[in-house]
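A.B. asks: Sequence:
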Amino acid sequence: MCERNKLLNSGLPCESIATFWLEIISGCRALEKKLEIAYLGPQGTYSELAARVLFGHMVDLVPCDSLEEVLERGERGESDISLITS
Numbered sequence: 001m002c003e004r005n006k007l008l009n010s011g012l013p014c015e016s017i018a019t020f021w022l023e024i025i026s027g028c029r030a031l032e033k034k035l036e037i038a039y040l041g042p043q044g045t046y047s048e049l050a051a052r053v054l055f056g057h058m059v060d061l062v063p064c065d066s067l068e069e070v071l072e073r074g075e076r077g078e079s080d081i082s083l084i085t086s
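Position 76 of the sequence shown, counting from 1, maps to 76 under the numbering used here, and the rest follow consecutively.
The set of hints was computed from the structure by calculation and includes no laboratory data.
Owing to the predicted nature of the structure, the values given are computational and were not obtained by experimental measurement.
Please note that a few of the clues may not be correct.
What the hints assert, rightly or not - For each label pair, taking beta carbons as the anchor points, the in silico distance ranges come out as:
(1) Met1 with Val53: 39 to 49 Å
(2) Asp60 with Pro13: 42 to 52 Å
(3) Glu32 with Gly11: 33 to 43 Å
(4) Ala18 with Asp80: 16 to 26 Å
(5) Arg76 with Lys34: 10 to 20 Å
(6) Gly44 with Glu78: 17 to 27 Å
(7) Leu67 with Ser10: 40 to 50 Å
(8) Ala18 with Tyr46: 18 to 28 Å
(9) Glu78 with Cys28: 16 to 26 Å
Ideal placement from N, C-alpha and C gives every residue a C-beta, glycine not left out.
Model the full structure from these sequences, guided by the hints.
C.D. replies: Shown next, in the form of structure tokens:
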């Protein structure tokens with residue numbers, strides 16, 4: 001899509017196209033099953049931002065108090081994804 005956009009000289013940044021597609025995919029995925037993503041909280045941290053950038057806005061984010069809790073939620077199947085950032 002980005003290459004085609006460049007050929008058409010639309011002026012729309014490639015990052016915008018990637019963001020559009022991310023949200024479309026996130027919404028379509030949520031129609032099947034809304035993902036639950038555990039991350040090291042609290043809300044407003046870099047980990048929450050990373051989850052939004054990676055998975056879009058149509059997911060449920062669960063802030064956790066410890067790295068152990070993030071991993072345990074994934075192991076127990078309580079969350080679909082345990083997100084660990086560095």
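A.B. asks: May I ask which of the numbered hints given earlier this structure violates, with the numbers listed in increasing order?
C.D. replies: Violated: hints 1 and 2.
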